[in-house]
Amino acid sequence: MIRLSNLSVSEPGYTAGAGASRPLLEVENLFVEFHTREGVAKVINGVTYDVRAGETLAVLGESGSGKSVTAQTIMGILDMPPGRVAGGSIRFHGRDMLAMSAEERRKIRGEGIAMVFQDALSALNPTFTVGFQIAEQYRIRRGLSRGEAKRRAIEILDQVKIPNAKQRVTEYPHQFSGGMRQRVMIAMSLALDPEVLIADEPTTALDVTVQAQIMDLLAELQRDRQMGMILITHDLGVVADVADRIAVMYAGRIVEQANVHELYANPGHPYTIGLINSIPRIDEKGQELRTIKGLPPNLMRIPSGCPFHPRCPRAEQVCTQQLPPLLQVGPTRASACHFAEEMVSRG
Amino acid sequence: MGRYVLRRLLQLIPVFVGTTFLIYWLVWAVPGDPFAGKCGERRCPDAYIDKMTELYSLDQPLPVQYFKYMSNLLQGDFGTTFGGQDVGALIAAAYPNTAKLAVVALLVEALIGLTAGVLSGLRRNGFLDNLVLVSTLFLLALPTFVTGFLLQWFLGVKLGVIRPTVSAEANFSELIVPGFVLGSISLAYVARLARTSIAENRRSDYVRTAIAKGLPMRRVVGIHLLRNSLIPVVTYLGTDLGALMGGAIVTEGIFQINGIGRTAYRAIVTKEGGTVVSVVVILVLVYLFMNLLIDLLYAALDPRIRYE
Ligand SMILES: Nc1ncnc2c1ncn2[C@@H]1O[C@H](COP(=O)(O)OP(=O)(O)OP(=O)(O)O)[C@@H](O)[C@H]1O
Ligand code: SF4
Ligand SMILES: [Mg+2]
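Chains as they are written, first to last, in this note's numbering: chain A, 1 to 347; chain B, 348 to 655.
To be clear, the hints were calculated from the coordinates, so they are not data collected in a lab. For clarity, every value in this text was computed on a predicted model and none was experimentally measured. We put the beta carbon where it would ideally sit given N, CA and C, even for glycine. Fair warning: there could be bad hints in the mix.
[Claimed, not checked] Stretches of chain A that chain B covers, calculated by requiring three or more beta carbons in the stretch to come under 8 Å of a beta carbon on chain B: (1) 76-88; (2) 108-121; (3) 240-253.
[Claimed, not checked] Covered stretches of chain B, going by a simulated chain A footprint (3 or more residues, C-beta under 8 Å): (4) 410-421; (5) 556-562.
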């Protein structure tokens, strides 16, 4: 068995999408903690993932597993204090962003890596028109004139399929419906043509009816622009359609990473099995959902050994003592379970 | 928008009538003969009493008095004092000085209070933040007259950098220290309000978005954060202008400024009911219009507020 971080780059078939030589964005062995009055919460405990141009990586996991905090650390919008990056690196085009100057990092935001937030109503500034908020990026970052910037803002609103973009550009965020507002959010994140887009639960704040539309839009834009996309979600159902790879997070670690189809067909980690079993299925209508028993751990007192062991139906003695590393267990798969190889080969 | 303003103006009428009537009633219903002590030790001559009684309709029921008084007032006739002075002229001499003083106080509040509040809100628990917290607590704890006498003595007498009292012209430069004294308590409030507001909004999602867009920090703070954080502060400053004019009495006394506060004070002491009412009526008007203005400004700052 070989450590994933040494292998993921050269392993054939590991990339979906464009077979670029090197991932655009590589998060490696990232540690983040929050220093609060109650103590130190170890929120991110060695996360490693990467994304290439043209590829969508879905990040999955229960609430509190650290999906958003990882994204915030990449974007440089972590609340510090109480947050603190305690280790690891985040490389963009091979350069460690955590070692860059604030000014260098700023220039990557928006143009290199952009982010779509969950709740567009609070993420957009309520006191400026959507046009202003989009156009300011062209004005400040590209030095375009007001008129030209506005024209570009209308153009990008058109691209996210907002009807009447020309009129709506002068409206305020609260004048849009939830779905349209999320389109504005998406337009804003795409304004500077980013190479990597991080979408943090982009549809959870929306009506079920528009969720699919927004997801389709994102997938389409990602494909057309050949962006690398990190899609954070709780929703395994959504993932199957749009993602190339999935990273499953638990207690601030990646516990399994695999191609979508493989992961569904043959999950290589007991936690992933639990997640898949908890998806509502049409053929099981009326039956009780099989949820994972127990609760996610308190991040100030993470269990010894495998953090999942108190909830794991497969746990054995070794699990309470040894932390299973994330290891490559197949050409396109890595898992952090002591019994991963067994599980994968049996499936 | 136009209709909203019109409706608000119409709403002012009952408020205006209600408050001014209350004042009128309070002033003229004070126990005691309005002529007591007016003419030295002796009782006033009947002829004089009759003349004044007629002038102020003192023998009529209160609502009638009020009505007559107000209709004169609205035609620009403020009446005369018992001594025969024109109240209108008295007010015209005093009002500009008070207005100047209040504007200086407001500027001091806005400039110093806002700057201190914004800076300390951005760096909570830093050195500057602690400095601001301590010094504003100091200002809040000191009554205006203490701040006033202290600065008058220290700057005016001890160091001699200002004249201890303000000249009759009341130039803006002379009014800086009195303005600071008058605005000192509000200044502390403004600083603390701005500090809380900035610190609260600093963590809001839209500020995060602005940072995530790769805008320079200057712009994130100066445009995105400030606009939202200013809303409560601007509201406070607006309503405060009226309060400053009404509250100028102590400051005007200390620095001997011929303003509305001193005029009102003298009128109260000498039982010049007509003057007291006139002064207060104008204060009420200023206050009401400032309120309207602030509501409009509020809506201009926050587009979610609609005029309806
Ligand atoms: N500013 C903060 N201060 C203290 N703790 C924080 C802060 N932000 C996040 N955390 C903690 O970090 C942990 C991970 O949070 P995160 O938001 O990354 O979870 P998530 O996986 O995105 O969950 P969700 O699916 O609910 O969005 C949580 O336990 C949360 O309480
Ligand atoms: S290491 Fe043990 S406890 Fe952890 S997931 Fe695997 S079997 Fe379960
Ligand atoms: Mg989250």
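The hints, checked one at a time:
By the rule of at least three residues with a Cβ nearer than 8 Å to a Cβ of chain B, the coverage given for the region 76-88 of chain A holds, with 3 such residues. Under a criterion of three residues with beta carbons nearer than 8 Å to beta carbons of chain B, the stated coverage of the region 108-121 of chain A is upheld, 8 such residues being counted. Here the region 240-253 of chain A counts 0 residues with a CB under 8 Å from a CB of chain B, which misses the bar of 3, and the coverage is violated. Coverage of the region 410-421 of chain B by chain A is violated [criterion: at least 3 residues with CB-CB distance below 8 Å; count 0].
With a threshold of 8 Å between beta carbons, the proposed coverage of the region 556-562 of chain B by chain A holds, since 7 of its residues qualify and at least three are required.
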